[in-house]
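Q: First to last, the protein sequences are chains A and B.
According to my numbering, the stretch in the first sequence is residues 1 to 266, in order.
According to my numbering, the stretch in the second sequence is residues 1 to 266, in order.
Fair warning: there could be bad hints in the mix.
[Unchecked claim] Derived list of chain B stretches under chain A, where covered just means 3 residues or more per stretch with a C-beta under 8 Å from a C-beta of chain A: (1) 52 to 58; (2) 194 to 205; (3) 209 to 218; (4) 240 to 248; (5) 253 to 261.
[What the hints assert, rightly or not] With a Cα cut of at most 25 Å, we get these calculated PhoX-like pairs of lysine-lysine: (6) A/K234 to B/K257; (7) B/K15 to A/K234; (8) B/K103 to A/K173; (9) B/K116 to B/K103; (10) B/K116 to A/K208.
Because the hints were derived from the structure by calculation, they are not lab data.
Only a predicted model underlies this, so the values are computations on that prediction, with no experimental measurement involved.
Don't be surprised by glycine CBs; every beta carbon is placed ideally from N, CA and C.
2 protein chains.
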Amino acid sequence: MFEVIGERINTSRKKVQAAVEEKNAEYIIDDVKKQQEAGANFIDVNAGARIGHEKEDMEWLLNTIGPITSMPLCLDSPDPAILEMAYEMVEQAPMINSISLEKDRFDTMMPFLKGKDCKIIALCMDDKGMPVSSDDIIERAQKLINELEAVGMKQDDIYIDPLVQPISTDSTKGIMVLDAVRQIKKQNPQVHITGGLSNISYGLPERKIINRTFLTLMMDAGMDSAIIDPLDSKIMAAIKTTDMLLGSDNFCMEYLKGVRSNMIKS
Amino acid sequence: MFEVIGERINTSRKKVQAAVEEKNAEYIIDDVKKQQEAGANFIDVNAGARIGHEKEDMEWLLNTIGPITSMPLCLDSPDPAILEMAYEMVEQAPMINSISLEKDRFDTMMPFLKGKDCKIIALCMDDKGMPVSSDDIIERAQKLINELEAVGMKQDDIYIDPLVQPISTDSTKGIMVLDAVRQIKKQNPQVHITGGLSNISYGLPERKIINRTFLTLMMDAGMDSAIIDPLDSKIMAAIKTTDMLLGSDNFCMEYLKGVRSNMIKS
Numbered sequence: 001m002f003e004v005i006g007e008r009i010n011t012s013r014k015k016v017q018a019a020v021e022e023k024n025a026e027y028i029i030d031d032v033k034k035q036q037e038a039g040a041n042f043i044d045v046n047a048g049a050r051i052g053h054e055k056e057d058m059e060w061l062l063n064t065i066g067p068i069t070s071m072p073l074c075l076d077s078p079d080p081a082i083l084e085m086a087y088e089m090v091e092q093a094p095m096i097n098s099i100s101l102e103k104d105r106f107d108t109m110m111p112f113l114k115g116k117d118c119k120i121i122a123l124c125m126d127d128k129g130m131p132v133s134s135d136d137i138i139e140r141a142q143k144l145i146n147e148l149e150a151v152g153m154k155q156d157d158i159y160i161d162p163l164v165q166p167i168s169t170d171s172t173k174g175i176m177v178l179d180a181v182r183q184i185k186k187q188n189p190q191v192h193i194t195g196g197l198s199n200i201s202y203g204l205p206e207r208k209i210i211n212r213t214f215l216t217l218m219m220d221a222g223m224d225s226a227i228i229d230p231l232d233s234k235i236m237a238a239i240k241t242t243d244m245l246l247g248s249d250n251f252c253m254e255y256l257k258g259v260r261s262n263m264i265k266s
Numbered sequence: 001m002f003e004v005i006g007e008r009i010n011t012s013r014k015k016v017q018a019a020v021e022e023k024n025a026e027y028i029i030d031d032v033k034k035q036q037e038a039g040a041n042f043i044d045v046n047a048g049a050r051i052g053h054e055k056e057d058m059e060w061l062l063n064t065i066g067p068i069t070s071m072p073l074c075l076d077s078p079d080p081a082i083l084e085m086a087y088e089m090v091e092q093a094p095m096i097n098s099i100s101l102e103k104d105r106f107d108t109m110m111p112f113l114k115g116k117d118c119k120i121i122a123l124c125m126d127d128k129g130m131p132v133s134s135d136d137i138i139e140r141a142q143k144l145i146n147e148l149e150a151v152g153m154k155q156d157d158i159y160i161d162p163l164v165q166p167i168s169t170d171s172t173k174g175i176m177v178l179d180a181v182r183q184i185k186k187q188n189p190q191v192h193i194t195g196g197l198s199n200i201s202y203g204l205p206e207r208k209i210i211n212r213t214f215l216t217l218m219m220d221a222g223m224d225s226a227i228i229d230p231l232d233s234k235i236m237a238a239i240k241t242t243d244m245l246l247g248s249d250n251f252c253m254e255y256l257k258g259v260r261s262n263m264i265k266s
């Protein structure tokens, strides 16, 4: 089953930032409940936007969200000190967003991850920047997988983000990622593939149809998780429909549920 | 580039049948022009619905359509006598819809095809009925390809229809076809894959989202043609968007044209 990481609790979103500033717990609780009802499997929590306030904002957000949901959270910060605090605050084993091959981030995150009970999003980014080919993505992913396994993480807890890039800059950017994902999954069947989709449509109009069509293609290639807005019913409908077409929805139960709840419309 | 076979000129559609009965040429001409403007590459012409009148109806339709378009037609009939007449009437090398491995149809169509300048849709149907597995589809396709090549047809003129079956009856019916198409294209890169999509959603609600999501998956597998209604702007938008994401739309020109003409909407 495809896993949805709900992206909405992020202080870079104006309304979330305002709620954090005003300690408006009701707004945050309502948003989390809506994401859960819409089918989120994880709630991403990112408190990075108010410079100098990340620690207190993360703490308040986790204190606000913790009591009202049993869903696992995705703790989203580049700072291991904040992740340590957050990790201690959550009930369920969280997902951590993220590690990469950039030397600074890699060197600070590896000691944090050692011995932790968590899932980890691993970005195919290194100090040279974004990957430039399918092989480059595959190599970076394999390096991340090997390093994470070496500190005791299971493949099933590793979520590789191949880093989707804009099709507007180069018409091969779509197949570059699709080919890489197929290969990574072939070599590491237990590893998950995740990430945001919206970079694919950067610079183009009517972006959402591009994002959800690309998600359908990515699911076929092996993507089994994504960081998206679960309140976007069209992308959720694309996920349910694609899951069914790829054989993961026995008796079309989830599809039919989506139609009954008005999420799926022709 | 993906090829659209416009399916609308079919006397099983009420309005077309009425137009044929009333010799309402204007209606037919208008419909063909709309299909052409919407991006059809072929116009399917099927006059089979009025029992006993197929020959005269086909003749009238071709006389009506011929003078107003330079687009190739797809002559859609099980009767070689009617196809012979139709073949002589058209200016451009037509597509013929269709041959299959059913003994009667195969034995009457093969002599017709010998030496003709045309494209042919070849259905993976035989006297046992629909194919029951990926391997079954692949075997039937290969048999059709071999037989057609043996009478002098080029791979590039062969359009294999793998016969999409309802996902509601069996959750593996989607991947069964997708896997088969990948394999057929791998073994015969010049051969085209075509067909209708709507069988996939038979028995389910909100069918169109299923059809167009499946089309995106089929295009990734290697389908490069389909028999659809080009006036369904959502399925045309799915084709343009998928073509772009799979690297077939340099500088996103076709996508941007689709947005400007209001065909593509988020």
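Q: Between the region 52 to 58 of chain B and chain A, see if three or more residues pass the 8 Å beta-carbon test, and mark the coverage as holds or violated.
A: violated (count 0)
Q: Starting from A/K234, check that the Cα of B/K257 is at most 25 Å away, please.
A: With a Cα-Cα distance of about 23 Å, the restraint between A/K234 and B/K257 holds, given a limit of 25 Å.
Q: Holds or violated: B/K15 and A/K234, Cα atoms, limit 25 Å.
A: Judged against 25 Å, a Cα distance of about 33 Å means the pair is violated.
Q: Does A/K173 lie within 25 Å of B/K103 when you go C-alpha to C-alpha?
A: violated (46 Å)
Q: Can you confirm whether chain A covers the region 240 to 248 of chain B, using C-beta to C-beta distances below 8 Å and requiring at least three such residues?
A: Satisfied; 7 residues make the cut.
Q: Is the listed coverage of the region 209 to 218 of chain B by chain A valid when you require three or more residues with a beta carbon under 8 Å from a beta carbon of that chain?
A: Three-residue rule met by the region 209 to 218 of chain B, so holds; n is 6.
Q: Is the hinted pair B/K116 and B/K103 satisfied, with a Cα-Cα distance of at most 25 Å?
A: holds (21 Å)
Q: Check whether three or more residues of the region 194 to 205 of chain B sit with their beta carbon closer than 8 Å to a beta carbon of chain A.
A: holds (count 3)
Q: Count the residues of the region 253 to 261 of chain B whose Cβ falls closer than 8 Å to any Cβ of chain A, and tell me whether that reaches three.
A: holds (count 3)
Q: Within 25 Å, alpha carbon to alpha carbon, are B/K116 and A/K208?
A: Distance of about 46 Å is beyond 25 Å: violated.
When each numbered hint is compared with the structure, violations occur for hints 1, 7, 8 and 10.
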